[in-house]
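Assemble the complex: chain A is given as a structure, and chains B and C must be docked to it using the hints.
Residue numbers (our numbering), protein chains in the order written: chain A, 1 to 296; chain B, 1 to 843; chain C, 1 to 117.
Just so you know, the hints here were simulated from the structure itself, not pulled from any lab data. Among the hints, erroneous ones may be present.
[What the hints assert, rightly or not] Simulated pairs of lysine-lysine, DSSO-like, Cα-Cα distance not exceeding 30 Å:
hint : chain 1 : residue 1 : chain 2 : residue 2
1    : B       : K506      : B       : K578
2    : A       : K34       : B       : K509
3    : A       : K34       : B       : K434
4    : B       : K434      : B       : K506
5    : B       : K578      : B       : K806
Computed from a predicted model, the values in this text were never measured in an experiment.
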Amino acid sequence: MAREVAILWWAMCAFATLVLIVVTALWVHAMRRKGPQMDAARARQLTLRWLVGGGLLLPTLSVLLLLLFGIPIGHRMLPLPLAGEQPMRIEVIGHQWWWEVRYPDSGVVTANQLHLPVGRPVDLDVTSADVIHSFWVPRLGGKIDMIPGRDNRIRLQADQAGTFRGQCSEFCGTQHTHMILDVQAHDEEDFVNWLQARREQQISALPGPAGEVFDAHCGQCHRVAGVSEGNRAPDLSDVGARSMLGAGVLSNEPGALLRWLHEHQQLKPGNAMPLHDDLDPDHLSTIADWLETLRP
Amino acid sequence: MTTPSNEQVAAQEQLHDQFNDVWGNPRGWKSLTIVNHTTVGIRFMLTGLGFFLFGGLLAMLVRTQLAIPGYDFLEPDVYNQVFTMHGTVMMFLFAVPMMEGLAVYLIPKMLGARDLVFPRLSALGYWCYLFGGLILCASLLLGIAPKAGWFMYTPLSSAVHTPGPNSDFWLIGITFVEISAVSAGVELVVSILRTRAEGMSLNKMPIYAWYILVMAMMIVVGFPPLILGSILLELERAVGLPFFEVARGGDPILWQHLFWLFGHPEVYIIFLPAAGIVSTLLPVFCQRPLVGYRWVVLAILTTGFISFGLWVHHMFTVGIPQLAQAFFSAASMLVAIPTGIQVFAWIATLWVGRPLYHVPMLWLVGFLVIFVCGGLTGVMLALVPFDWQVHDTHFVVAHMHYVLVGGMFFPLLAGIYYWLPHFSGRMPSVRLGKWGFWLVFIGFNLTFLIMHWTGLMGMPRRIYTYQSGLGWDLPNLISSIGSFIMAIGIATVLLDIVLHFRFGQKATKNPWNADTLEWSTHLPPSPYNFVSLPPVRTRHPLWEVPDLEERIDRGEFALTVIDHGRRETWGIEPLTGKVREIIHLPGNSWWPFIASLFIAFTCLGLLSKFYWVALVASIVAVLVLLRWSWENGAHPLAAPDARVQPGEPPLHSRTCDGPGLWGMGVTLLANGALYLALLFGWFYLWTVSPNWLVPDDPVIDQRLLLASAVLLSVVVLWQRPVLRRLRQGQGEPAALITCFVGTALLGALHAGLLLWAILAGDLAPRATAHDAVIVVMLVYSLAHGALATILSALQALRVHYGYVCKRTPYEPLVVEQFWQYSLAVMWITYCSVVLFPPTFGGV
Amino acid sequence: MQPLRSPYNPIHIPLGLVLWSIWFVALYGGLSVGCALAPPDPAQGQWTWLNGLLALFSLLTMVAMLGLAWLFQRAARDQREGQPARFVARLSAGVNLIGAIATVFVALPTLSLPPCL
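Okay, chain A solo, but in the shape it has when bound:
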């Protein structure tokens, strides 16, 4: 889909450049032209030709041409009913400032990353939990707003496996900048494996005092499958396998989680997680180490 739009862009760009050059050249030529003073009748005739030709016909034809190409492309982007295999459904919910991703058919939930099968249409049902956000993965296709109280649907299809960058594109407050979605397109088999692994993932609770700290301080907002059921902040069940932390603030290298726990208000000022200054640093690093192990 994005490829069609790219072709459209280059065609329009070429045409627009041509028009710009021609109009500017005409203008400059008209300014420098040294001809004999024109009589009224000739001027009138010439004028009419300019107005009808340049003013009326040129824009009308260009615009008609554009619609002729553009509307069919738009038509193909519509989530129309399909005859054969039904598109896969994924729900994406925008939050200030992170993404909640749900696979309703398998009950899998994740955050700030979106796993897709390749070569198969995917219908994304998007909405928002607070303000208006907008879902956009530039390399895969157009964008669609995520609006509280409404469900919007966009159909995408990845044609090859790979990683794509998505970013919220409707201004949504202080950290609009850091609302990045990591999109991973897998071959059908890999995708099914990933989904399966997530479904079967067994997480044992963190033992000891750090476990209590996690329950008391983190579990009310964060969900870790089988451990805590918070739903106000990103699901952490597979946080160790994500490529980024804080919806695009840090790359998820060893140690990055601990840094995030200590410095998240400097790294992403205004985010909803409270400071952890009152917690024992040892407990924090135990929690961070444990979170890093959470992978499907």
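Just chains B and C, lined up with the frame of chain A:
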């Protein structure tokens, strides 16, 4: 031509002295009372320049922050305030007021009039603009500026997600500033239609007046939806009426509709007057008339209308059905056609003429290149699939700056250079002017051309920083460097303009050999523009009547007697330009300044949540406005001496169709646009609100509502025959007083019933959007009923004092229009609130 | 001042585009209400009762505007009227013609897109 004798010169000077006694501007503190359009226009433009520099500074901050990836020059929250204020200041405090200021300055001079038709209204508009702008900008210095974007999308701007006064500054400040936009709009429409030179028929109007006429009408119809939206959103924030909150039956998309219903026409409100400058300047530099006058008028009208059918192209990603999007997409592309016609009319004008080179021409060429480029990307954006890709990226930022800077700023500078001799009496320099132009032109393109590319690579708008390695580093750095070059260019231009006031060559009369009447005034002009008002028989008076300036100055034409102390100009028949009456204009006054001061107090009271201060200040403001209206029509202060010269038409206050009637008509058009926007909101929510809550039982006593509407009908029916007789020159004071007192009493009863209906009903405006909208509709009618009642009571008093009688029937007819409007609104509200819901599954 | 019904009254200059605006609001409003009350099955594509109704309505509007344009153009040829009056009539005719063209242009997508998706 013979040289005038000494006596003639003396007589001429004496005449000008007499005119200065009546029209002259006071100095010192009293200069706050000035209402003259020349002064008000210049004040608008200078204030606009001030806000432009402020907005430009904010742009520099933005570009500095984005120059390199991961830069922490501005904190995220500050950055959000800065870009929000940059957009807001440039749109509301620079572009629109600047264009209005230029029109306020030029229109009477071009049309051969001595002033605008409601001079005190212009002064009020200016003070509202100044105070509103200052309040808004102060918020940034206090660190509590609006930060939800210049489009204020809710729920982000709501009390939940932006607590604190930030959004309030925007909603209240902008509404305050818009009083000025709408009042200038009303005034320009009436002035263009009713106060042109004798014989200047519609087809002989300077083309600039057509542009301004359409622009002013667009303001009148286009701003009210935003005013309504701001009022609703502020009510939601301050009082909790949930118009836009899904959980209680509202819809945030309604705000987007109301905002863009204004926001898109706004672009053309800015562009049209700029195109008007181009169409005025090019023929002068070609020394040939504009080619295709009628084609261009048609193009202006088309642009004006079609631009109201494009608003959804800002909302292509909100999930509206694609067929609906296609309508707006097609309409958006359609606008290219009238623009194309204008561009080719300009090219043809250059083709048949012999263009001369001057600094303004340079800016016009710059305009063409940049604007055509912006127009072309605009057509691309109108295509839905492409828009889905680049919407809310830097591609749109680039497009929008190409259209607005190319389409507004470049022609504006061409115009400023062109009219500089008019403001200062001196000519601009060529060398510094050229430097300024090239720096701005190169800087601008460096900043924004590459920004298209940044956007295509996926950089969204309104992010305060970005990571390295996405390919965005270099283009952003180039943009930032370009923006600083542009800033230096603008500084050069300003320096040139400042220096020219001191070092510029003295301008000769009509230095560019222009064709329009503004060049027949003195340079700089006297407050009365023309000592005698010339008749106009052609589109190019100064080309075809070469010694017109001297003859005007010698007092050879009309309305040269001024010992009566009135400020006068012609009132004409709109189509043919035949003289119908003498319009006598009010002089300098404190009322506009005081009124706007109290409106400012009201705003400050609302902002600081001292609601009793706001209440007292708003009551005082209304009282001041009513007191102002007292010195009107046939009041001795408005027309000290009502006699006219033999053979001259009557004073407008002695006629039935004066400018007041037109002013009221156009104001009611604006008011009607506001009401229609409210009605749209009502039906919109019924149709598409995701969680629309309808009560089980009627929330309001329908009999009370019906009785109230019937009473209002009785008032209007009672007035009709009385006022018809008044129009025919009949009617004794006693009968008039009976009628006005009676209508006032019935009006009071009508308003009382309405108030009772609101208070006695089961309305829960904080619980559901349904009830909240009903409350707003009823309060709207209540306010109209109450105001109409007060106006009729005042009319009775004015009959008693002898200001209104069968010889001076001017005012009651104006008030009648207001009653009729209120009646129409009342019945529409009744039908929408009482009769419509049962047909749509409600009660 | 010309009577309101005279084709030379300047109030008629914007008539064609005023009609266009009303038509446009009715088109968009009709589509929204239609989709809210009785949305046609997306499988039907663009050939639904709703598209048909909107297209027919647009066609009628266009014909009305062409008729008006013709009336004004005829009035503009009347040599007995003054130059300003004829200017106004020609302008009104032009505006109506533009209104008709704009109507067709904007209504074209009703023939190619399903209504409520």
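A quick look at each hint next to the structure:
Of the pairs offered as hints, the one joining K506 of chain B and K578 of chain B is violated, with about 38 Å between alpha carbons and a cut-off of 30 Å exceeded. Proximity of K34 of chain A to K509 of chain B is assessed by CA-CA distance (about 29 Å); at most 30 Å being required, the pair is judged to hold. The straight-line distance between the Cα atoms of K34 of chain A and K434 of chain B is roughly 24 Å, inside the 30 Å bound, and the hint therefore holds. Of the pairs offered as hints, the one joining K434 of chain B and K506 of chain B holds, with about 20 Å between alpha carbons and a cut-off of 30 Å not exceeded.
For the suggested pair K578 of chain B and K806 of chain B, the alpha carbons sit about 25 Å apart, so the restraint of at most 30 Å is met.
Violated hint: 1 only; the structure is consistent with all others.
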